[in-house]
Each structure stands twice: as structure tokens, then as C-alpha cells.
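Protein chains in written order, with my numbering: chain F, 1 to 340; chain W, 1 to 340; chain C, 1 to 340; chain G, 1 to 340.
Be a bit skeptical, because a hint or two may be false.
One copy or two, either will do: identical chains are not told apart, so a pair holds if it fits within one copy or between any two.
Said to hold, decoys possible - Derived lysine to aspartate or glutamate pairs resembling EDC-like cross-links, with alpha carbons at most 16 Å apart:
(1) LYS50 to ASP151
(2) LYS50 to GLU89
(3) LYS281 to ASP141
(4) LYS281 to GLU121
(5) LYS234 to ASP331
(6) LYS281 to ASP117
(7) LYS312 to ASP52
(8) LYS312 to ASP147
(9) LYS281 to ASP93
(10) LYS234 to GLU271
(11) LYS312 to GLU3
(12) LYS312 to ASP151
(13) LYS234 to ASP317
(14) LYS312 to ASP324
(15) LYS312 to GLU76
(16) LYS234 to GLU197
Hints listed in this document are in silico derivations from the structure and should not be mistaken for laboratory results.
There are 4 protein chains.
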Amino acid sequence: VSELTVVPFRPQPSQYAWTFGGAAPVLRIRPGSVLELWSEDCFAGRVRSKDDLVSVVCEFPFLNPQTGPFYVEGAEPGDTLAAHFVSIEPSRDWAASTTVPLFGALTSTHLTATLQDPLPERVWMWQLDRAARTCRFTALDSAFTVDLPMDPMHGTVGVAPANLEVLSALTPAAHGGNMDTPEMRAGTTCYLGVNVEGALFSLGDGHARQGEGETCGVGVECAMDTVVVVDLVKGRPTPWPRLESDTHIMSTGSARPLEDAFRIAQMDLTEWIATDHGLSKLDAYQLVTQAVESPLANVCDTNYTSVAKIRKEWLPDRRGPLADVHRQLRDVGRRYLAGR
Amino acid sequence: VSELTVVPFRPQPSQYAWTFGGAAPVLRIRPGSVLELWSEDCFAGRVRSKDDLVSVVCEFPFLNPQTGPFYVEGAEPGDTLAAHFVSIEPSRDWAASTTVPLFGALTSTHLTATLQDPLPERVWMWQLDRAARTCRFTALDSAFTVDLPMDPMHGTVGVAPANLEVLSALTPAAHGGNMDTPEMRAGTTCYLGVNVEGALFSLGDGHARQGEGETCGVGVECAMDTVVVVDLVKGRPTPWPRLESDTHIMSTGSARPLEDAFRIAQMDLTEWIATDHGLSKLDAYQLVTQAVESPLANVCDTNYTSVAKIRKEWLPDRRGPLADVHRQLRDVGRRYLAGR
Amino acid sequence: VSELTVVPFRPQPSQYAWTFGGAAPVLRIRPGSVLELWSEDCFAGRVRSKDDLVSVVCEFPFLNPQTGPFYVEGAEPGDTLAAHFVSIEPSRDWAASTTVPLFGALTSTHLTATLQDPLPERVWMWQLDRAARTCRFTALDSAFTVDLPMDPMHGTVGVAPANLEVLSALTPAAHGGNMDTPEMRAGTTCYLGVNVEGALFSLGDGHARQGEGETCGVGVECAMDTVVVVDLVKGRPTPWPRLESDTHIMSTGSARPLEDAFRIAQMDLTEWIATDHGLSKLDAYQLVTQAVESPLANVCDTNYTSVAKIRKEWLPDRRGPLADVHRQLRDVGRRYLAGR
Amino acid sequence: VSELTVVPFRPQPSQYAWTFGGAAPVLRIRPGSVLELWSEDCFAGRVRSKDDLVSVVCEFPFLNPQTGPFYVEGAEPGDTLAAHFVSIEPSRDWAASTTVPLFGALTSTHLTATLQDPLPERVWMWQLDRAARTCRFTALDSAFTVDLPMDPMHGTVGVAPANLEVLSALTPAAHGGNMDTPEMRAGTTCYLGVNVEGALFSLGDGHARQGEGETCGVGVECAMDTVVVVDLVKGRPTPWPRLESDTHIMSTGSARPLEDAFRIAQMDLTEWIATDHGLSKLDAYQLVTQAVESPLANVCDTNYTSVAKIRKEWLPDRRGPLADVHRQLRDVGRRYLAGR
């Protein structure tokens with residue numbers, strides 16, 4: 001059995017990346033490496049009490065700091081980067097969520113522009129109990145508290161975009177980025193199409209948990225300790241970010257209006273099934289129609305993100321280059337955890 | 001213990017309703033009645049083999065026949081009709097799904113108009129095993145079959161709309177109608193705002209199962225035997241259709257673009273929690289953001305439908321006129337089932 | 001030369017129609033008749049000073065009263081009704097415009113729902129100088145006034161919808177209705193597909209003028225004296241409302257999101273040119289792309305309306321049943337005006 | 001009278017910029033300079049006959065080459081760059097337009113994804129008569145030709161974007177870019193907010209003419225000889241691109257869905273009038289509602305662009321830093337033309 005290559009990395013604030021593309025790599029890694037990463041929260045750690053209003057303490061565009069980018073040796077356009085999340089754990093016992101002026105789904109925004117005043121700016125501090133696996137919500141305007149299950153995830157995972165572009169870490173698109181899907185949890189493999197040499201993989205925006213759609217625009221934001229295996233599938237393009245868990249395969253689409261995000265995700269899942277599982281496109285369309293789960297990811301970011309997921313047990317066996325990738329990376333993760 | 005009032009009704013084809021509003025009531029019922037209903041499938045029963053193309057055998061606008069409407073005695077604008085589904089069971093051992101020219105999410109349509117040719121028209125016949133609780137998919141272009149869990153539901157449930165309007169049974173909106181959400185299953189109570197005297201409740205469009213979003217526009221369509229308790233909550237308005245199960249409360253929004261459907265559902269759930277559970281609106285907004293599930297219902301109909309659902313155990317206790325309605329109707333259903 | 005049939009009609013308030021479809025005809029007319037009509041403003045005449053707030057003086061859904069419907073003898077589904085506007089003249093020397101809570105393009109609405117407060121409710125009274133052909137704007141919060149050119153139009157023109165539906169007079173769709181396009185001015189012929197026997201034509205919602213898009217949701221609303229020739233083109237279907245002036249042909253699309261309204265209008269114009277002017281569809285697509293004007297009509301109503309217009313002089317000669325309709329009706333209008 | 005600084009620049013193919021941001025400046029210029037520029041067409045000059053299909057002869061992402069960027073001395077974030085177009089003239093006697101697979105408004109696209117086949121790929125070669133000021137359309141599938149008025153414009157004008165981003169030259173947004181509005185013609189001044197030091201102004205995508213909305217996605221594309229005066233307004237931010245002609249001021253919005261582009265443009269025009277012309281926001285909202293023209297620019301690019309324009313004669317006198325900029329730059333242009 002080969003040795004695991006384990007690469008720990010904790011960025012200094014001066015090393016944060018604020019974009020996908022356009023940032024120099026912080027490290028070069030070999031495919032198959034296990035990265036032990038720390039990432040700061042989306043506020044760059046500046047929201048620490050209910051008096052820390054985003055509009056006061058944060059400095060646009062220095063939001064959503066990314067850990068990375070990592071240059072993956074041998075990665076070239078036309079390949080697929082596979083990132084398997086072994087563990088994602090809050091690194092503090094608190095997290096923060098806020099309203100942000102003219103940001104979120106239930107307010108007008110800079111793009112959905114209206115003459116109305118913004119909503120009031122508020123901060124909710126959440127208490128995280130890592131042993132009990134709970135996140136405690138404390139209401140601001142009444143005495144209510146409730147413990148919700150902890151379900152840690154990364155809102156932002158991506159590679160450098162195509163077309164010579166550099167995109168804000170706040171944007172989700174075909175390169176991944178700020179998709180904000182709760183499906184990006186430990187145990188999941190994320191497949192991303194490589195657009196530039198070295199892929200330039202990075203991640204950030206940890207959430208202790210998040211509802212589907214991220215309605216107010218902000219999850220339960222926290223710094224994270226994350227273990228992720230990063231590998232390459234050579235010569236396999238991936239048009240939109242895909243995910244795989246032990247039970248499901250999932251496609252994502254990020255666009256506006258939201259129906260276009262839905263269309264992309266459903267279309268990509270249909271074509272994935274047709275290509276790798278051997279159904280005709282129309283048969284795959286019919287099966288997806290009756291079997292798909294379609295949890296929303298975000299309806300607040302510069303693009304909205306929709307997820308299409310289907311149980312693997314309902315599909316013909318998979319053939320081709322992705323057939324064993326998830327299982328193999330999961331096994332790497334298990335060896336890592338066993339050896340820790 | 002009072003006797004249950006049980007009302008069986010099986011429409012003749014000449015009695016089908018094709019609209020919400022504008023159809024004469026087929027029966028008058030008292031609040032609290034248990035209705036034993038049969039409903040035909042959305043094709044009016046005309047698609048019975050893979051050669052029965054919708055464009056050939058169906059006659060627009062005679063699609064999606066409704067069983068009803070039922071005039072609920074005492075119902076007035078400003079009240080809420082509560083319909084609790086005791087059981088929803090396929091009444092045949094087969095069901096049909098199809099592509100329909102210029103209808104569905106992964107094709108251009110009459111509204112999302114393009115110069116491209118329509119997709120080919122195909123019919124998939126599904127086999128239903130009511131004992132095993134499965135729906136068997138049979139691919140048309142390869143030898144693949146798979147059994148998916150049966151999860152029967154009504155795509156269409158509604159009352160007469162407001163504003164003097166009469167709407168096609170194919171349209172979902174504030175009156176309910178063709179929402180096509182898999183959440184409309186047995187065990188669920190649906191709350192609908194009453195817009196006209198007698199409410200004029202009807203239902204149809206049974207699906208043996210359906211994925212979230214109803215991607216190709218058509219579920220596993222089948223005739224249904226349905227038992228539903230219909231009751232009234234006097235003096236309680238309901239702006240958009242709401243659902244309640246033993247574990248969750250849910251709001252729906254139906255609009256285009258899809259983000260508007262999302263906004264309506266999330267907004268309604270936020271306001272529902274604020275009004276009945278005593279949180280401030282901003283606290284409810286924050287709790288919804290982190291706790292909501294947002295399964296899509298349809299992204300194919302004349303309006304798209306989004307659902308926002310939250311676990312009741314995570315909310316402060318409910319007060320007010322809806323507090324005990326679901327539990328009471330569920331108990332009526334249990335008495336009915338026990339006596340059958 | 002045949003005598004003109006001139007039909008004057010001024011509705012009593014009890015005769016207003018509030019819907020397309022579902023209202024009994026006020027008169028039966030023969031094709032070719034010249035109608036002399038009076039229509040009340042969209043507020044049913046209740047906003048008469050800056051203190052008359054819509055939310056106080058108006059009674060929903062009794063907004064946008066229609067004059068009609070007129071039963072056109074011989075009209076059947078599959079025909080086209082042609083309505084040529086001979087003159088549209090304000091019948092008072094004042095008009096009103098307002099903000100309406102949660103209505104308009106620069107505010108959240110019941111469909112684009114947000115947690116923000118509505119905009120303040122204000123009323124602007126406009127002075128109309130019918131001799132000078134001007135509308136005087138008077139600012140509420142400063143001393144500014146300005147005279148804009150009078151350009152009278154009907155916001156709402158339509159027939160009974162298809163599919164057994166009855167639609168609010170506030171809605172624009174394939175049947176016409178509340179399209180709110182400034183192109184509906186004197187000199188223009190409007191073509192509408194007939195969906196029910198008798199067509200059931202009606203009009204209302206006069207504006208002394210209106211910008212493109214009707215941004216705040218309300219034009220310069222006034223009662224109107226209107227002369228319109230109503231004729232039939234037998235056996236010619238019209239899928240979406242079309243307009244023709246001496247210089248242009250125009251298609252309309254009404255849908256959400258706005259790009260769908262755009263697509264419908266551009267597609268309909270492309271197909272109109274292909275069918276009646278003899279270009280291939282792709283040639284028509286190219287010519288439309290370079291030659292079309294695309295003024296928005298409304299971006300505030302339940303559907304948004306987009307117009308696609310092209311100069312007739314840039315097209316091959318028109319053949320077929322619409323070839324001479326506009327010219328003939330314009331000549332009827334000239335005879336009417338000459339004889340008055 | 002001061003001497004004009006005239007800067008001629010014709011890029012070599014190796015000097016084309018393919019992005020806004022991320023490209024090194026080709027020249028440094030002083031504010032007030034007159035640039036004499038040549039720009040290649042959007043196909044990089046590769047479509048020269050009807051057999052030159054875009055998918056064959058072009059190499060993605062090397063589309064829409066920009067002439068520039070120009071580093072404007074003294075330009076800093078928070079300033080406004082003013083670019084006054086003195087003349088825009090086709091530099092060849094032919095131009096090309098095409099369909100492009102999965103691009104355009106009347107086809108599904110990579111974002112509005114469907115399972116249908118793309119439209120056929122076709123090329124239309126247009127003949128330009130610079131003396132007669134006409135563009136000749138020649139149909140491919142019939143014998144029809146027609147001369148349309150030449151109305152030369154730049155589809156793409158912009159500066160480096162904010163937020164550390166680098167955007168494809170095919171994208172329009174707050175930095176300008178590929179807005180594709182026919183209003184960008186000679187005689188117009190374009191105001192762009194400066195986001196980075198030196199502004200980094202560039203332009204390209206000349207169209208001999210274009211319809212509103214650029215329906216098939218491609219205008220009458222041609223290389224251009226352009227004279228543009230570039231100046232600075234220090235300390236004046238501009239949130240979205242604005243235009244000014246002798247008769248109108250205009251705001252643009254670029255976003256999806258199209259109603260958001262409309263909202264941005266109308267909102268920006270309303271706020272512009274409130275800020276510089278001294279009306280209250282609600283009075284400006286009312287005046288815009290009745291007086292605005294809303295021509296669409298593009299409904300095909302990665303963001304859609306909507307324009308809101310209003311006659312200057314209908315507004316209170318303008319005060320503040322933009323009051324005389326257009327007039328002064330127009331005078332510079334006249335001196336340039338007189339001296340040529």
C-alpha cells in the first residue's frame with residue numbers, strides 16, 4: 001500500500017485569495033494528495049459579535065477569503081479535478097450570520113433594484129457544540145433558542161474559470177465557486193472541469209449548516225478545518241460541477257434566472273446518465289423526471305445554483321473514467337482517518 | 001364520538017371540471033366530511049399504450065380533468081379550507097408518462113419560444129405494483145428496467161381563484177391548482193384560502209410518483225382512489241397554499257421566473273412563523289435561512305412552483321386558529337381508516 | 001359606396017366588464033362596424049385629486065373597467081378580429097397617475113416578494129390640453145412642471161381568452177388584454193385571434209401618454225372617447241396580438257420573465273414575415289435581427305409585454321389574407337372622419 | 001485655443017485584448033485626447049464568406065477582439081471616464097452576420113439548456129455602401145435583397161471591472177463591455193465608472209447596424225475606424241454605464257433576467273435625474289414612467305442589456321459635474337473634424 005501524501009496548509013491573512021483565477025498558487029501538489037486545510041469564514045473573521053455589522057467591519061471586495069489556490073501537477077484543460085471531502089469541521093465554537101444591505105432573496109438588491117429602503121442590518125451569533133453536533137440559534141427579538149443539527153459544508157469550492165476570466169469568490173458558475181450547496185459535505189466527491197494548467201483549486205466559505213437556497217444570503221458562517229483528497233481524471237472534461245456521494249450522483253447549474261440553473265443541472269444529469277450509464281437521452285430524461293431530487297443551493301448570489309441528484313442504485317451500472325473515482329478517493333480518506 | 005360523514009363520488013366523463021372557477025359544483029358538502037373520490041389521469045385516460053401520442057389522442061384544452069368542484073357549506077372569502085389526505089392510491093396497475101411537444105423544462109415551449117424543432121414525442125408505460133409499492137420504469141431504447149418506490153400524490157388540488165377569474169386546471173397559482181408537488185401525499189393537510197362562497201374545491205392529476213421539478217412536464221400519471229377530509233377554518237385567510245404533515249409545515253409559491261416562486265414560498269413561510277409562532281420577522285428570516293428545505297415542485301407549468309418546508313420541532317409552539325387543525329383532521333382520518 | 005354602420009356605446013358603471021371572458025356581451029355588432037365608445041379610466045374614475053389614494057378609494061378587483069364585450073357576429077375560433085383605431089381622445093382635461101403599494105417595476109410586489117416596506121403612496125394629477133396636445137406634469141415635491149406631448153392610447157384591448165379561461169382585465173396574454181403598449185394609438189390596426197364564438201371584444205385603460213415599460217405601473221390614466229372599426233378575417237388564426245400601422249408591422253409577447261415576452265414577440269414577427277412575406281425562417285430571423293425595433297410595453301403587470309416592430313418598406317410584398325386589411329380599415333376610418 | 005492631442009492606434013492581431021481587466025495597456029493617454037482607432041470585427045476577421053462557419057473558423061475564447069486597453073493618466077476609482085464618439089465608420093465595404101450554435105435569443109443556449117438540436121449554422125454577407133449610407137441584406141434562401149440605413153455603432157465599450165475581476169469581452173455588466181446598444185453611435189458620450197487606476201478603456205465589436213435586442217446574437221459585424229475623445233470627470237462615481245446625446249440622457253442595465261436589466265436602467269435614470277436635476281426620487285419615478293423610451297440593447301449575451309432614455313428638454317436644468325461634459329467633448333470633436 002502506498003504512503004499517503006499529506007499536505008497541511010493554513011493561510012496567513014495576506015495569503016487569502018479573493019478570486020477564482022488571477023491569484024498565484026500557494027502550493028503545488030501532486031494528484032492524490034490529502035490536504036489538511038484551514039479556512040477563514042466569509043467575513044474574513046471580522047464579524048465576532050452582534051454589533052459587528054458587515055457594512056461597518058467588512059471591506060468590499062475583501063469578502064469570502066479562499067484557501068488556495070493549489071496548483072495540481074499535470075492538470076490540463078480537458079481534465080477533471082476530483083476533490084473528495086474526508087472531513088469538514090468547524091474550527092471555533094461560534095459562527096455568525098447576518099443580513100447584508102441589498103443582499104439576499106427577500107430584499108431588493110443591486111441587480112433587482114427598487115426604490116425601497118434596505119432591510120435593517122442584524123447579526124445573529126450561533127453557538128456550535130462540536131461534541132453534540134448542534135448549532136444553537138438565539139433569537140434577537142424574543143427569548144427563543146433552538147438547537148439545529150450541525151451539518152458542516154463548504155459554500156465555495158472551485159478552480160480557475162475558462163475564457164481568460166477572473167471571477168470574484170462570491171460568484172458561482174461553471175468553474176464551481178460560491179455554489180453554496182449543503183451537499184458539499186464530508187463524504188462527497190466534487191468533480192470540476194479543469195480550465196487552466198494546474199487547475200488552481202481553492203475552497204472557503206464554511207457553513208456549520210445552511211438551509212436550501214440560503215434565503216437571507218448568509219449561512220451559519222464559520223472557520224473550518226477540512227481534509228480533502230485532490231485527484232485528477234485525465235482526458236475527461238466536466239462541463240458543470242458534479243458531486244458524488246456513496247448513494248447519489250448530482251449535477252449543479254449556476255445561472256439566472258433560477259429556471260436556467262435548474263435546466264443546466266437537470267440537463268447535465270440527463271447527459272451524465274446517458275453518457276456513463278448507457279441510457280438514451282430521452283430515456284434518461286424520463287427517468288430523471290420521475291426520480292430526481294432538486295434541492296436548491298443558493299437563490300441569493302450573483303448566479304443562483306440548483307442541484308439535481310439521483311440515487312445510484314436506480315441507474316444502470318456506470319462505465320467509463322469516473323466509474324471508480326469516488327470509491328477510490330473514499331478509501332484514501334478512510335486510510336487517512338485510520339492513520340490519524 | 002360523532003359519526004363521520006362519508007361522501008363517495010366518482011365523476012362521469014361529462015362531469016369532469018377543466019378549470020378552477022367557472023364550473024358548477026358537483027356536490028354540496030358539510031365541513032368535516034370525508035370524501036371518497038376517484039379521479040382520472042391528466043390525459044383523461046386516453047394514453048394507454050406507447051403508441052398513444054398526446055398530440056394525437058388528446059384534445060386540448062380537455063386535459064387534466066378535475067374531480068369536483070365541491071361546494072363547502074359555509075365557506076366564504078377570508079376563510080381557509082383544510083383538506084387532509086387520508087389515502088391516495090393508484091386505481092390501476094399501470095400509469096403513463098410522455099414527452100409533449102413544446103412542453104417541459106428541457107425543451108423550448110410556447111412561452112420560451114425558439115426556432116428549433118420540438119423534441120420527439122414518446123410514451124413510457126409504467127407498471128405499478130400496489131402490493132410491493134413500486135413503479136417499474138422500462139426504457140424504450142435499451143433493455144433497462146428499474147423499480148422506483150411508489151409515492152402517490154395529487155399534482156392538482158385547489159379552489160376557485162380570486163378576482164373573478166377562471167383558470168385552466170393546468171395552471172398553479174395562489175388558489176392552488178396544478179402545483180405538482182410530491183409533498184401532496186397521504187398524511188398531509190393542504191390549506192387553501194377561500195375566494196368565493198362555497199370554496200369550490202377540486203382535485204386531480206394523480207401521480208404514482210414524480211421527481212422534484214417534474215422535469216419533462218409529466219409525472220407517472222394514473223387514475224387515483226383518494227380519501228380526503230375537507231374542513232373549514234373560519235375567519236382565517238391563507239394567501240398562498242400551505243401544507244402540513246406530522247413533522248413539517250410548508251409554504252408554496254407559484255410564479256415565473258422561478259426565483260419569484262421561491263421568494264413567495266420563503267416569504268410566506270417566514271410570515272407564517274412570525275404570525276403563528278411568535279418570532280419577529282427578521283428572526284424568522286434567519287431561522288428559515290438555516291433550517292429550510294426547498295424542494296422544487298414543477299418547473300414546467302404555466303407558473304413554476306417552489307416549496308419551503310421546516311420541521312415543526314424547531315419552532316416555538318404554535319398558537320392561533322391553525323394550531324390543532326392538522327392533528328384533528330389526522331384523527332378523523334384514523335377513525336375513518338379504523339372503521340373501514 | 002356602402003353606408004357605414006356606426007354604433008355608439010357609453011357604458012353605465014353597472015355595465016363595466018372586469019374580465020376578458022366571463023362577461024355577457026353588451027351589444028352584438030356586425031363585422032365592419034364603426035364603434036364610438038367611451039371608456040372610464042383604470043381607477044373606475046375614483047382618483048380625482050392627490051388625496052385619493054388607490055388603496056383607499058379603489059376596491060380590488062374592481063379596477064380597469066372595460067367597455068364591452070362586443071359580440072361580433074360570425075366570429076369563430078380560428079378567425080382573426082381586426083380592430084382599427086380611428087381616433088382616441090381624452091374625454092376630460094385631467095388625468096391621474098399614482099404609486100400603488102407593491103405594484104410597479106421599481107418596488108417589490110406580491111410576486112417579487114420581499115420583507116421591505118412598500119413605497120409611499122402618492123398621486124400625481126396631470127393637466128391635459130387637448131388643443132395644444134400636451135400633458136402637464138406637476139412635481140409634488142418641488143416647483144417643477146413640464147408639458148409632454150399628448151399621445152393617447154389604450155392600455156387594454158382584447159378578446160375572450162382560449163382554454164375556457166376568464167382573465168382579469170389587469171392581465172395581458174395571448175388574448176390581448178392589459179398589454180399597455182403606446183403603439184395602441186389612433187391609426188393602428190390590432191389583430192387578435194378569436195377564441196370563442198363572437199370573439200367578445202372589449203377595451204379600456206386609456207392613457208393620455210405613457211413611457212415604454214410603464215415603470216411605476218400606472219400611465220397618465222384618463223377616460224377616453226374612442227372610434228374603432230371592428231372587422232373579421234375569417235379562417236386566419238393569430239397566435240399573439242399583432243399591430244399594423246401605415247409604416248410598421250408589430251408583434252407582441254406577454255409573459256414572465258421578460259426575455260420570454262421578448263422571445264415570443266420576436267418569434268412571432270419572424271414567423272409572420274416568413275409566412276406572409278415569403279422569406280425562409282432563417283432569412284427572416286437575420287432580417288429581424290438587424291431591422292427590428294423592440295420597445296417595451298409594460299414591465300409591471302402580471303405578464304410583461306414586449307413589442308417587436310419592423311418597417312413594411314423593408315419587407316417583400318405581403319401576400320395572403322392580411323395583405324389589405326389595414327389599408328381597407330384605414331379607409332373606412334377616413335370615410336367616417338370625413339362624414340363626421 | 002489649445003492644441004488637440006490626437007493619438008492614432010491600430011492594433012496588431014497580437015495586441016488584441018480579449019477581456020476587460022487583465023490585459024496590459026497598449027498606450028497611456030492624457031485625459032482629453034482624441035483617439036483615432038481601428039478595430040477588427042467580433043470574428044477577429046475570420047468570417048469572410050458564407051462558407052466561413054463560426055464553429056469552424058473561429059477559436060473560442062478568441063472572439064470579440066478589443067482595441068485597447070488605454071491607460072488614462074490620473075484615472076482612479078471613484079472617477080468617471082467620458083468617451084465621446086466623434087465618428088464611427090466601417091473600414092471595409094462588407095460585413096458579416098451569422099447564426100452561432102446555441103447562441104442567440106430564439107434558440108436554446110448553454111444556459112437556457114434544452115435537449116433539442118441547435119439551429120443550422122448560416123452566414124449572411126452584407127454589402128456596405130459608405131457613400132449611400134446603406135447596408136444591403138441578401139437573403140440566402142430566396143432572391144430578396146433590401147438596403148437598410150447604415151447606423152454604425154460599437155457593441156463593446158468598457159473599462160476594467162471592479163472587485164478584482166477579469167471579464168470576457170463578450171460580457172456586459174457595470175463596467176460596460178458588450179452592451180450591444182445601437183445608441184453607442186457617433187455623437188454620443190459614454191460615461192463609465194472607473195474601477196482601477198488608469199481606467200483601462202477599450203472598445204470593439206463594430207456593427208454597421210443592429211436591431212434592438214440583437215435577436216440572433218450577431219449584428220452586421222464589421223471592422224471600424226473610430227474617433228473618440230476620452231476625458232475624465234474626477235471624483236464623480238458612475239454606477240452603471242450612462243450615455244448622453246445632444247437630445248437625450250440614457251442609463252443602461254445589464255443583468256439576467258431581462259426585467260433586472262430593465263430595473264437597473266430605469267432605477268439609474270431615476271436616481272440620475274434626482275441627483276443632477278433636483279427632483280425628488282418619487283417625482284423622478286413618475287416623470288420617467290411617462291417619458292422614458294426603453295429600447296432593448298441585447299437579449300442574447302451573458303447578461304442582457306436594457307436602455308432607459310429621456311429627452312433632456314423635459315428635465316429641470318442639470319447641475320453638478322456632468323453638466324457640461326457632453327457639450328465640451330462634442331466641441332472638441334467638432335474642432336477635430338474641422339481640422340481634418
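We went through each hint and held it up to the structure:
In this assembly of identical chains, LYS50 and ASP151 lie within 16 Å of each other by CA distance neither inside one copy nor across copies; the values are 23 Å within and 45 Å between. Proximity of LYS50 and GLU89 under a CA criterion of 16 Å is satisfied in neither setting, with 23 Å inside one chain copy and 52 Å between copies. Taking the shortest Cα distances, LYS281 and ASP141 sit within 16 Å of each other only across copies (9 Å), while inside one copy they are farther apart (52 Å). In this assembly of identical chains, the alpha carbons of LYS281 and GLU121 lie at most 16 Å apart only when taken from different copies (13 Å versus 48 Å within one copy).
For a Cα distance limit of 16 Å, the shortest separation of LYS234 from ASP331 qualifies neither inside one copy, at 20 Å, nor across copies, at 59 Å. With identical chains, the CA atoms of LYS281 and ASP117 are at most 16 Å apart between copies only, with a shortest distance of 12 Å across copies and 48 Å within one. For the identical chains of this complex, LYS312 and ASP52 are neighbours neither inside a copy (45 Å) nor across copies (31 Å), given an alpha-carbon limit of 16 Å. Within a single copy, LYS312 and ASP147 get their C-alpha atoms only as close as 32 Å, which misses the 16 Å cut-off; across copies the closest is 13 Å, which meets it.
Proximity of LYS281 to ASP93 under the C-alpha cut-off of 16 Å is found in neither arrangement, the shortest distances being 48 Å within a copy and 27 Å between copies. Taking CA atoms no more than 16 Å apart as the test, LYS234 paired with GLU271 passes in neither setting, with 20 Å inside one copy and 47 Å between copies. For a Cα distance limit of 16 Å, the shortest separation of LYS312 from GLU3 qualifies neither inside one copy, at 31 Å, nor across copies, at 48 Å. Proximity of LYS312 and ASP151 under a CA criterion of 16 Å is satisfied in neither setting, with 22 Å inside one chain copy and 19 Å between copies.
In this assembly of identical chains, LYS234 and ASP317 lie within 16 Å of each other by CA distance neither inside one copy nor across copies; the values are 21 Å within and 55 Å between. For the identical chains of this complex, LYS312 and ASP324 are intra-copy neighbours only, at 13 Å inside a copy versus 40 Å across copies, given an alpha-carbon limit of 16 Å. Neither within a single protomer nor between protomers do LYS312 and GLU76 lie at most 16 Å apart by alpha-carbon distance, with minima of 29 Å and 49 Å respectively. Taking CA atoms no more than 16 Å apart as the test, LYS234 paired with GLU197 passes inside one copy only; the shortest distance there is 12 Å, against 41 Å between copies.
The structure shown violates the earlier hints numbered 1, 2, 5, 7, 9, 10, 11, 12, 13 and 15.
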